[in-house]
Amino acid sequence: MKMRANRQISIWVLLVALSVVLALALVAGGCGSGSATTTSQAVTTTQGVTTTSGATTTSGPTDTSTTVAKSDLVLASTTSTQDSGLFDVLIPAFTKAFPQYNVKVVAVGSGEALTLGQNGDADVLLVHSPAAELDFMTKGYGVDRKAVMYNDFIIVGPASDPAKIKGLTSAAEAFKKIAAAKATFYTRGDNSGTNAKELTIWKAAGITPTGAWYVKTGQGMGETLTIADQKAGYTLSDRATYLAKKDSLKLEVLVEGDKALFNQYHVITCKAAKNVQGANDFMNWIVSADVQKNVIGTFGVDKYGRQLFVPNAGQVQ
Amino acid sequence: MGLFWEAIKQAFHLLISGDRYVYEVMLMSLRVAGLATAIGMIVGIPIGTWMGFKRFAGWGVAASILNLGLMLPPVVVGLFVFMLLSRQGPLGSLGWLYSVPAMVLAETIIAAPVIAAITMAAVGSIPKDVRLQALGLGASRRQTTWLVLREARVSLLAAIVAGFGAAISEVGAVQMVGGNLSIDGHNQTGTMTTALMALVRQGQYAVAMAFGIILLVLAFVITLLLTRTQQGVRRRWLQS
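Just so you know, the sequences run in chain order R and H.
Reminder that position 100 of the first sequence reads as 100 in the working numbering, one-by-one numbering, no gaps.
Reminder that position 143 of the second sequence reads as 460 in the working numbering, one-by-one numbering, no gaps.
These are computed hints drawn from the structure, not numbers from a lab.
Some clues are possibly wrong.
As the list claims (entries may be wrong) - With a Cα cut of at most 25 Å, we get these calculated DMTMM-like pairs of lysine to aspartate or glutamate:
| id | chain 1 | residue 1 | chain 2 | residue 2 |
| --- | --- | --- | --- | --- |
| 1 | R | K271 | H | E323 |
| 2 | R | K274 | H | E323 |
| 3 | H | K326 | R | D121 |
| 4 | R | K231 | H | E341 |
| 5 | R | K182 | H | D501 |
| 6 | R | K231 | H | D336 |
| 7 | R | K176 | H | D501 |
| 8 | R | K139 | H | D501 |
| 9 | R | K203 | H | D501 |
| 10 | R | K259 | R | D281 |
| 11 | R | K177 | H | D501 |
So that you can see chain R by itself, here it is in the shape it has in the complex (with noise of 0.2 Å):
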């Protein structure tokens, strides 16, 4: 008898002690702090949705942020500009200039984010796969379009270049000797701006990539390199995720500086949109010369040396 007590005292205290951790953790979770930074870098999950919100509506440290009503903004990108980082600077400095948004960043293929757009799923993009985006102009998905930025791609492999392309000035050339070198190329075969890049790349080469040595991934920039850095493979990627992964990959530039190797991002309001105001709002900040100069402008100077993307709204179509 006296062990049946003991046992069931002690589930009880068990359950209370359950009961309070959890709650606990619900109370400190409301009450959270309404700092945007580190819960974006917190949130990011494997599919690249990323949820940042600016002041909370309790107790947040700016006295504005209690009577502010926040609405949702969703904007669809690049899986390349969420793994370069930028959002982490420049979704914070959005929502700081317009407390009112609720910024969520979905980063999928180019391909995807049109398709986001088109359903109005996504109120505004942000892309750099040019011709599908004309075609979604076309179409009439879109209401209007502005260049952002822009970086370039390069072509990287590991240090042995079994195919000898390093110091080529040609993109396609290097194509070229990759196929006939059959040397293993990683492409990420997922409808993205990179992988349609990498397509007209292969069609100015005159080469239709099969065969073994020519491996689909089906996955966002990280992830490709990733897997072309441990199985010493070539791939082609943007300078921005590149650079920002440069630590943990021994892949190394081996081409770059072509014209066709150039990638422009745009910004796209959807006219499917759910929160026209705010696709509105966020197209006109990302082009505004403060953001231009100091966001985007600066982004990745201290940590790399060298911009990660540079700015040239206005400048071209």
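Mind docking chain H on chain R? Use the hints.
Frame of chain R, contents of chain H only:
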């Protein structure tokens, strides 16, 4: 709602028409999970049985560690196996990363502790009198062990089902060490779970739904078989 039904319709079409990629991925999932469960059984059932029988100083700690297998976050297993097999890692020279052996390794490490922990509980719940009586009637150690396992067979089946379930539904670990690679439209290292994720990201909901349907049907069939077995045994026990 239209998107949902459209995806389901196209998914069934893919399944019935025998779409090659879908079936390659399905077979890969079954192969990897099947191997992982088999190895998990070979490793887990003896350990679980031994822990269920024996008591020794520190048994409590060992049992807690074994039960940890039930709560072990599979993605942590994935991280561990990735670091093990990466080029900079201790087993990097095997070249297993992004290949089938890596996926089997990860899923085995996920399934084996589950099987072992549930086996331990199952064997431990068989009254000790059963063993003592058998020994008293002249049975050997091996025969009594076999007898206890037979008594606990329904729970053992549950252990195996739980292990297989954990293995086949794993996403994160398999993605990390498998990579969901394909060549010329032929699947190399994709499983239904990792392929489904990549397809959703690319907006190919129909194919993703096909995998979802297969996984659900598989889960349902296996659960049904397990429940029927449990009911069958119970009915016989009640009748006896």
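The hints, checked one at a time:
Taking the CA atoms of K271/R and E323/H, the gap is about 24 Å. The hint holds against a cut of 25 Å. Of the pairs offered as hints, the one joining K274/R and E323/H holds, with about 23 Å between alpha carbons and a cut-off of 25 Å not exceeded. The hinted pair formed by K326/H and D121/R meets the criterion: a straight-line CA distance of about 22 Å does not exceed 25 Å. For the suggested pair K231/R and E341/H, the alpha carbons sit about 23 Å apart, so the restraint of at most 25 Å is met.
Of the pairs offered as hints, the one joining K182/R and D501/H holds, with about 14 Å between alpha carbons and a cut-off of 25 Å not exceeded. A distance of roughly 30 Å separates the Cα atoms of K231/R and D336/H; the hinted pair therefore is violated under the 25 Å criterion. For the given pair, K176/R sits about 18 Å from D501/H by alpha-carbon distance, which is consistent with the 25 Å threshold. Taken as a hint, the K139/R and D501/H pair is broken in the structure, with Cα atoms around 31 Å apart against an allowance of 25 Å.
Only pairs whose Cα atoms come within 25 Å are accepted, and K203/R paired with D501/H is accepted, the gap being roughly 17 Å. Straight-line distance between C-alpha atoms of K259/R and D281/R comes to about 32 Å, which puts the hinted pair past the 25 Å bound. Using a Cα cut-off of 25 Å, the hinted pair K177/R and D501/H holds, with the two alpha carbons roughly 20 Å apart.
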